[in-house]
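Novice: We have chain A already, so just place chain B on it with the hints.
Sequences listed follow chains A and B, in order. Residues in the first sequence are numbered from 71 upward in steps of one, following the numbering used here. Residues in the second sequence are numbered from 71 upward in steps of one, following the numbering used here.
Hints were generated in silico from the structure; no laboratory data involved.
A pair counts as met if it fits within one copy or between any two copies, since identical chains are not told apart.
Straight-line Cα separation of at most 25 Å, SDA-like style, residue types lysine to any residue; simulated pairs: (1) K271 <-> D238; (2) K96 <-> R246; (3) K79 <-> A161; (4) K220 <-> D249; (5) K72 <-> L155; (6) K75 <-> K111; (7) K220 <-> I172; (8) K79 <-> R162; (9) K220 <-> K256; (10) K75 <-> W114; (11) K220 <-> Y297; (12) K75 <-> S126.
2 protein chains.
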Amino acid sequence: MKLYKGSHKHLVAVDCIIFAYDIAEKEIKLLLIKRSIEPAKGKWSVAGGFVQDDESLDAAASRVLKRLTGLDHMHLSQSSTYGSLNRDPGARVISVSYSALIKIQDLSPDAAGLYHAHWRSILKLPELIFDHGTMVADALENLREQIKRKPVGFELLPEKFTLVQLQDLYEALYQRPVDKRNFRKKILAMNILEKLDEKEKETSRKGAWYYRFIRERYQVLTRNGFYFNLDVN
Amino acid sequence: MKLYKGSHKHLVAVDCIIFAYDIAEKEIKLLLIKRSIEPAKGKWSVAGGFVQDDESLDAAASRVLKRLTGLDHMHLSQSSTYGSLNRDPGARVISVSYSALIKIQDLSPDAAGLYHAHWRSILKLPELIFDHGTMVADALENLREQIKRKPVGFELLPEKFTLVQLQDLYEALYQRPVDKRNFRKKILAMNILEKLDEKEKETSRKGAWYYRFIRERYQVLTRNGFYFNLDVN
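This is chain A alone, in the form it adopts within the complex (with noise of 0.2 Å):
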């Protein structure tokens, strides 16, 4: 006996929304495809595919993200799931969106361009298909929260970086300017960095000190009930 019969299939996709910050241009830039079927070919596109009969949704995510952009190995989370009824015009299709965040330094050069990838900054996107920029926006909202209750943005950074470059991080992220003063006050009483003895001379003459992130302290503080807040205006 056949269970469930009678109850209707969908199609399901899943959708990859992929950022890469770059800390060279401080700004935020999200990985594109031209779309290769109808409807809206030739549109830009995040990279999506339908979900095949053997594969998990996160299989299906990492899958759909190689073959399209030759990423692979990312960690991809999963956002949200989109159902209207009228989202995709070819059919009803269901989209489990996927996202992750990475530096643009990590990708191999040739990656992108083999693949017809393309990176675009936030600030200048153009027109998506379908529901993708509503897709995009929700991602980017559960970032700007994630970066200020996790020390993520540590991982988008070198290993030693001055406090301008993890400002601009979160400015790139906020798409606002964020009070200096504020800023590193609320970062240092975190007590989470380590200052070094060694100055940044390129962009100013007097130069800026270099930090690092102490993970292992952070891992200590948080057993001890210390929560990562950097909450600023």
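Specialist: Relative to the frame of chain A, chain B by itself:
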């Protein structure tokens, strides 16, 4: 021409994880039903059902919840989507979970009985079918994060409440004791509670002052860069 031809279709379900705070018993309860279809007929389950062709995911969640439990007009938030291959032994089913947290006192007393819905303390849950235990744990973890960062707890208490009642709620959600001094210090320092000129005298001879949440002040503070933060050990 049929678009997306040849792509696999999937059964898609919604599962509703409804928590209710019981202020009298100081505990969080979960809405469970006895499953009416095979496989696992008669076993404990959250309220779930298949998404139909002509309804959005949100609409499906509301419909399923109402049909199985009589609960209506509930604000359901999407949590996560579960898509492992063998999560449901009946067939490959992708499930989108929705959650809500309500006051148990708001329920009409006969609603649950009529529809065979059962409220069980999260401290004493029976074994749940499939991955429903994981869904519940994930939703609970989300709630714990939320109640730290947003003033959602006040919606689960009466208009006027004591600090003991507020702490009871946090303890019920965290499933562990909270340091009383630290808790009171943090909540009062936020300056969003008004101490009323009235005491609750049923639970102790000395009595405990009633407070109320000043939503308007919270909104003004938030516009000026304040963040609710009730991280408690």
